[in-house]
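So the sequences go chain by chain: A and B. In terms of our numbering, the first sequence opens at residue 751 and continues consecutively. In terms of our numbering, the second sequence opens at residue 332 and continues consecutively.
Hint data in this document are derived by calculation from the structure and do not stem from the laboratory. No residue lacks a Cβ here, since even glycine has one placed at the ideal position from N, Cα and C. Check the hints yourself; a few may be wrong.
[Claimed, not checked] Distance condition first, Cα-Cα at most 30 Å in a straight line; then the derived DSS-like pairs of lysine-lysine:
no.	chain 1	residue 1	chain 2	residue 2
1	B	K461	A	K969
2	B	K529	B	K443
3	B	K406	A	K957
4	A	K969	B	K406
5	A	K897	B	K365
6	B	K480	A	K783
7	B	K455	B	K480
8	A	K957	B	K409
9	B	K582	A	K957
10	A	K957	B	K461
11	A	K1049	B	K478
12	A	K1049	B	K358
13	B	K365	A	K896
14	A	K969	B	K358
15	A	K957	B	K358
16	B	K443	A	K957
17	B	K365	A	K957
[As the list claims (entries may be wrong)] Examples of chain B residues lying across from chain A (beta carbon under 10 Å, computed):
no.	residue
18	F368
19	F404
20	K406
21	G427
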Amino acid sequence: MKPATSLSHTLKGHTIIRVAIAYKLLAERKLSKIFGTKFVRLLKAMLAMTHQGVQSSLLALVGFLLLCVVWHLISWFTKEELPGPVATLKVLTQMLSNPFYDNGPNDKGIAIQLWYSMIRVFTGFGIGTLIAIPLGILIGSQPIIKKILYPIVNVLKPVSPLAWFPIGLAAFKSAPNATIFIIYITSLWPTLINTAFGVASIPQDHKNVARAFGFSRYKYLTKILIPYTLPHIITGLRLSIGVAWLVIVAGEMLSGGTGIGFFVWDSWNALSLEKVISAILIIGIIGLLFDKLFTSLEKLFAYGK
Amino acid sequence: MENNLVLEMPSPTVKNGEWSMQIRNLKIAFDTPKGEFVAVKNINLNVKQGEIISIIGHSGCGKSTILNAIGGFIKPAKGEVLLSGQPVKGPGPDRGFVFQHYSLLPWFSVYKNIFEAVDSVLKKVSKEEKKQIVERYINAVGLASHKHKLPSEISGGMKQRVAIARAFAINPKYLLLDEPFGALDALTKSSMHIELLKLWNMDNRSKTILMVTHDIEEAIFLSDRIVVMTNGPAATIREIVEVNLQRPRNKKEIAHEPEYIRTRDHLISLLMDKVSILDYKK
Ligand SMILES: Nc1ncnc2c1ncn2[C@@H]1O[C@H](COP(=O)(O)OP(=O)(O)O)[C@@H](O)[C@H]1O
Ligand SMILES: [Mg+2]
Chain A
751 MKPATSLSHT LKGHTIIRVA IAYKLLAERK LSKIFGTKFV RLLKAMLAMT HQGVQSSLLA
811 LVGFLLLCVV WHLISWFTKE ELPGPVATLK VLTQMLSNPF YDNGPNDKGI AIQLWYSMIR
871 VFTGFGIGTL IAIPLGILIG SQPIIKKILY PIVNVLKPVS PLAWFPIGLA AFKSAPNATI
931 FIIYITSLWP TLINTAFGVA SIPQDHKNVA RAFGFSRYKY LTKILIPYTL PHIITGLRLS
991 IGVAWLVIVA GEMLSGGTGI GFFVWDSWNA LSLEKVISAI LIIGIIGLLF DKLFTSLEKL
1051 FAYGK
Chain B
332 MENNLVLEMP SPTVKNGEWS MQIRNLKIAF DTPKGEFVAV KNINLNVKQG EIISIIGHSG
392 CGKSTILNAI GGFIKPAKGE VLLSGQPVKG PGPDRGFVFQ HYSLLPWFSV YKNIFEAVDS
452 VLKKVSKEEK KQIVERYINA VGLASHKHKL PSEISGGMKQ RVAIARAFAI NPKYLLLDEP
512 FGALDALTKS SMHIELLKLW NMDNRSKTIL MVTHDIEEAI FLSDRIVVMT NGPAATIREI
572 VEVNLQRPRN KKEIAHEPEY IRTRDHLISL LMDKVSILDY KK
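Whenever a hint applies, use it, and build me the whole structure from the sequences.
And the structure:
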């Protein structure tokens, strides 16, 4: 945007440009008369947005092309021990062209594997959320509870999901459930910490409103605490689902059977690095989609301050 | 302009012999890392029902502190505040508070901000009636066409109107206003003074209003008495100045009355005598 405007600025004196600007203004005025100024303003904003959108997509494309070049070079240097972009793309399209096939326990389509993983991720993440939000509210609003519980949180938070796996196995006697358990216990923390932080940072002004007008506990919770904390909670959820999606691959590699993590491990055993790389791409894109989903939720619930 | 509006209303209904608010020997101190900090002390003030009192003084002299003690937000170190004879134990809906920074909830519309306060305080009133009350006060402060906007979408003057409407809508006996017009431009301020008096008149001038300000002319135009503070720390009341101007007052006309000029000059001398060129050398 910047270079374009400064360029048009330097050219403003030019006759042709002047005529063009005059025509543009004329067209704007005509359109405003027909559709109203609001419509024209909206149209201009949309044009500017698509312009920006197109520009950043193009730049992103440049980045990916560069990555493909580097990738291709590495593949070429290693004499295709690492499969190149073209070979991988071939396998990827093959995988995507028949995503739902099911040939028994160890041979299922990519969509089916993803489905298993999603169910585990959302179960673990869901249980984690149900515990993290109320606990976060409690920790954030009661300094004493914070002093009691926060040291525990600080000790448990940095533990690797893999270390939790045996505990999950011992507790649930089933590998898939142990996977859900490790997702739950590692994706719990970002939501908990963000919720607690949000609640603890409620401005005194808002609390004074509640006190001055005698808000009941319930009214305080629903009309002040939750509306204020919601953006923080959603940020926490976004980070948590990111963690859950990271952990699922490791968990399913350990537990085996089904899921995208198992698929990666199985492809490696079958010596198909093309499949591994394809899975990496799919995992990355789905992670990105999760992130985008929660980012748009964040925007939706951000109130005007 | 609205400034010239003359308000034709009955005179205040003041019960004889019974103080609406009594502040007795009040002292307020804060615990600070450097030890106890005495903000105000020896504050004594008796207020009749329906009076409008202004507290005026330099920044940091403890005006908000006194108001917060009456509001029940902070506990006195010594002395007490009595409202209709009862000591203040905490915040309560018998007092409508207008905070220095509006304190509207940013996620609620103008309407919702007032409604939630009314809903919380007037427990026995039906929902339909609550809605009517909210509408009445929104209309009274002239925000009918903005009632569905968020606080971020309206001007500072409008936010202040919402805060004032919210404080009046819960029908409190006392109104505590902390520099309610401090952030407004002169024109908006003048029309807000009229809005405030209109609301006060709407209830037959039965509400007792205590207002913090640092604007001398505002204090004279609105108040029956003006409490002038000394400078802090450990500030106290320097003098209580009576404003002997007939109500309803007309902003344009009172400015020429000898009583107005006398009061203003007196206030200026009380507030400014310590300020000379020599003070700036420190
Ligand atoms: N919570 C607090 N802790 C410590 N000191 C405070 C606190 N609140 C106010 N003070 C001090 O008390 C004095 C009076 O403050 P305040 O009542 O806000 O003044 P004003 O409203 O007149 O400008 C100031 O010196 C201020 O620094
Ligand atoms: Mg103050």
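Against the structure, the hints come out as follows:
no.: 1; hint: K461(B) x K969(A); verdict: holds (16 Å)
no.: 2; hint: K529(B) x K443(B); verdict: holds (23 Å)
no.: 3; hint: K406(B) x K957(A); verdict: holds (17 Å)
no.: 4; hint: K969(A) x K406(B); verdict: holds (25 Å)
no.: 5; hint: K897(A) x K365(B); verdict: holds (26 Å)
no.: 6; hint: K480(B) x K783(A); verdict: holds (28 Å)
no.: 7; hint: K455(B) x K480(B); verdict: holds (28 Å)
no.: 8; hint: K957(A) x K409(B); verdict: holds (26 Å)
no.: 9; hint: K582(B) x K957(A); verdict: violated (37 Å)
no.: 10; hint: K957(A) x K461(B); verdict: holds (23 Å)
no.: 11; hint: K1049(A) x K478(B); verdict: holds (24 Å)
no.: 12; hint: K1049(A) x K358(B); verdict: violated (47 Å)
no.: 13; hint: K365(B) x K896(A); verdict: holds (27 Å)
no.: 14; hint: K969(A) x K358(B); verdict: violated (34 Å)
no.: 15; hint: K957(A) x K358(B); verdict: holds (25 Å)
no.: 16; hint: K443(B) x K957(A); verdict: holds (17 Å)
no.: 17; hint: K365(B) x K957(A); verdict: holds (27 Å)
no.: 18; hint: F368; verdict: violated (19 Å)
no.: 19; hint: F404; verdict: holds (7 Å)
no.: 20; hint: K406; verdict: violated (13 Å)
no.: 21; hint: G427; verdict: holds (8 Å)
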